[in-house]
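Using the sequences and the accompanying hints, generate a full structural model.
Next come the chains, spelled out residue by residue.
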Amino acid sequence: NAGVTQTPKFQVLKTGQSMTLQCAQDMNHNSMYWYRQDPGMGLRLIYYSASEGTTDKGEVPNGYNVSRLNKREFSLRLESAAPSQTSVYFCASSEALSTQGRTEAFFGQGTRLTVV
Amino acid sequence: RKEVEQDPGPFNVPEGATVAFNCTYSNSASQSFFWYRQDCRKEPKLLMSVYSSGNEDGRFTAQLNRASQYISLLIRDSKLSDSATYLCVVGFSGGYNKLIFGAGTRLAVHP
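Note that the protein sequences, when read in sequence, are chains X and Y. Just so we're aligned, residue 9 is where the first sequence starts under my numbering, counting upward by one. Just so we're aligned, residue 53 is where the second sequence starts under my numbering, counting upward by one.
No lab work stands behind these hints: they were computed from the structure. No residue lacks a Cβ here, since even glycine has one placed at the ideal position from N, Cα and C. Each hint should be verified, as a subset may be incorrect.
[As the list claims (entries may be wrong)] Residues of chain Y clear of chain X, computed beta-carbon distances all greater than 10 angstroms:
| # | residue |
| --- | --- |
| 1 | P62 |
| 2 | F86 |
| 3 | E95 |
| 4 | S101 |
| 5 | D109 |
[Stated by the list, open to error] Once the Cα atoms are required to be at most 25 angstroms apart in a straight line, the calculated SDA-like pairs of lysine to any residue come out as:
| # | chain 1 | residue 1 | chain 2 | residue 2 |
| --- | --- | --- | --- | --- |
| 6 | X | K65 | Y | F144 |
| 7 | Y | K97 | X | L21 |
| 8 | Y | K94 | X | F18 |
| 9 | X | K65 | Y | A81 |
| 10 | Y | K94 | X | M35 |
| 11 | Y | K54 | X | S92 |
| 12 | Y | K94 | X | P69 |
| 13 | X | K22 | Y | S133 |
| 14 | Y | K131 | Y | E67 |
| 15 | Y | K54 | X | T94 |
| 16 | Y | K97 | X | E87 |
| 17 | Y | K54 | X | Y72 |
| 18 | Y | K94 | X | D34 |
| 19 | X | K22 | X | N78 |
| 20 | X | K79 | Y | A119 |
| 21 | Y | K54 | X | E67 |
| 22 | X | K79 | X | G24 |
| 23 | Y | K94 | X | G66 |
| 24 | X | K22 | X | V68 |
| 25 | Y | K97 | X | E112 |
| 26 | X | K17 | Y | E55 |
| 27 | Y | K54 | X | M49 |
| 28 | X | K65 | Y | S133 |
| 29 | Y | K54 | X | G66 |
| 30 | Y | K94 | Y | S133 |
| 31 | Y | K54 | X | N70 |
| 32 | X | K17 | Y | L98 |
| 33 | Y | K94 | X | G61 |
| 34 | Y | K94 | X | T62 |
| 35 | Y | K94 | X | Q19 |
| 36 | Y | K94 | X | L53 |
| 37 | Y | K97 | X | Q19 |
| 38 | X | K79 | X | S92 |
| 39 | Y | K54 | Y | E67 |
| 40 | X | K79 | X | K22 |
Below is the structure:
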């Protein structure tokens with residue numbers, strides 16, 4: 009059971025270049041997320057997809073776009089990379105919040121992105 | 053004010069010590085509460101959910117105080133392998149499973 013798979017694991021971009029981070033989950037989850045993690049900041053939500061066919065902005069969406077390609081896949085695109093986007097990016101998936109109030113989020117291994 | 057606040061640490065403790073982490077959250081509509089563990093340069097993983105009545109999993113005990121909007125994690129008999137960053141996470145459903153992460157508390161257990 010692979011869980012959540014992200015690619016690539018590492019990437020160095022020049023300012024202004026574009027790239028797409030790929031994410032796929034095999035747990036049949038409805039909800040998928042993209043977070044970025046910076047030192048001292050915790051994980052901040054960039055975009056989320058509550059279900060196939062829908063996407064919405066999170067806390068820090070500027071400079072990013074997303075595509076929910078199907079139930080399994082949720083990609084994050086940087087159209088014109090900036091040094092401020094240097095970060096560790098995590099994709100995650102979960103079921104909808106249950107009435108019992110317990111829903112675990114499963115994370116991919118992360119992408120370490122450096123923009124120079 | 054951050055939605056979820058934690059003491060960043062680091063907490064440096066000897067093996068066998070008991071250590072407690074605290075976390076406060078600002079949104080009274082929060083519905084679910086978790087502690088995640090994150091090892092250096094790895095992804096976060098669920099350590100345990102936190103229930104209103106408090107819950108225990110081996111050496112780990114989690115408590116929730118909804119009135120004070122306060123969550124705690126107690127680790128007894130610390131092991132070297134407990135060294136990690138512990139993330140307090142608060143969730144609520146507003147059309148999607150929204151999870152808000154604290155910045156984490158770093159724990160270093162030494163021999």
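Against the structure, the hints:
1. P62: holds (13 angstroms)
2. F86: Contrary to the label, Y/F86 does not stay out of reach of chain X, its closest Cβ about 8 angstroms off (not over 10 angstroms).
3. E95: violated (4 angstroms)
4. S101: violated (5 angstroms)
5. D109: The assertion about Y/D109 holds, with a minimum of 14 angstroms to chain X.
6. X/K65 x Y/F144: Holds, at roughly 16 angstroms.
7. Y/K97 x X/L21: violated (28 angstroms)
8. Y/K94 x X/F18: holds (13 angstroms)
9. X/K65 x Y/A81: It holds: about 20 angstroms lies between the C-alpha atoms, which stays within 25 angstroms.
10. Y/K94 x X/M35: Satisfied, since the Cα-Cα distance of roughly 20 angstroms is no more than 25 angstroms.
11. Y/K54 x X/S92: Holds - the C-alpha atoms of X/S92 and Y/K54 are around 21 angstroms apart, at most 25 angstroms.
12. Y/K94 x X/P69: holds (23 angstroms)
13. X/K22 x Y/S133: violated (38 angstroms)
14. Y/K131 x Y/E67: Judged against 25 angstroms, a Cα distance of about 5 angstroms means the pair holds.
15. Y/K54 x X/T94: holds (22 angstroms)
16. Y/K97 x X/E87: violated (30 angstroms)
17. Y/K54 x X/Y72: holds (23 angstroms)
18. Y/K94 x X/D34: holds (20 angstroms)
19. X/K22 x X/N78: Violated, because 30 angstroms separates the two Cα atoms, which is more than 25 angstroms.
20. X/K79 x Y/A119: The hint is violated at about 38 angstroms.
21. Y/K54 x X/E67: holds (12 angstroms)
22. X/K79 x X/G24: violated (30 angstroms)
23. Y/K94 x X/G66: Holds, at about 23 angstroms.
24. X/K22 x X/V68: Between X/K22 and X/V68 the Cα gap is close to 21 angstroms, so the pair holds against 25 angstroms.
25. Y/K97 x X/E112: holds (9 angstroms)
26. X/K17 x Y/E55: violated (30 angstroms)
27. Y/K54 x X/M49: holds (10 angstroms)
28. X/K65 x Y/S133: violated (37 angstroms)
29. Y/K54 x X/G66: Satisfied, since the Cα-Cα distance of roughly 15 angstroms is no more than 25 angstroms.
30. Y/K94 x Y/S133: holds (14 angstroms)
31. Y/K54 x X/N70: holds (20 angstroms)
32. X/K17 x Y/L98: holds (21 angstroms)
33. Y/K94 x X/G61: violated (30 angstroms)
34. Y/K94 x X/T62: Given pair Y/K94, X/T62 is violated - Cα atoms ~28 angstroms apart, limit 25 angstroms.
35. Y/K94 x X/Q19: holds (16 angstroms)
36. Y/K94 x X/L53: Holds - the C-alpha atoms of X/L53 and Y/K94 are around 18 angstroms apart, at most 25 angstroms.
37. Y/K97 x X/Q19: holds (23 angstroms)
38. X/K79 x X/S92: violated (30 angstroms)
39. Y/K54 x Y/E67: Distance ~32 angstroms between Y/K54 and Y/E67 Cα, so the pair is violated.
40. X/K79 x X/K22: violated (32 angstroms)
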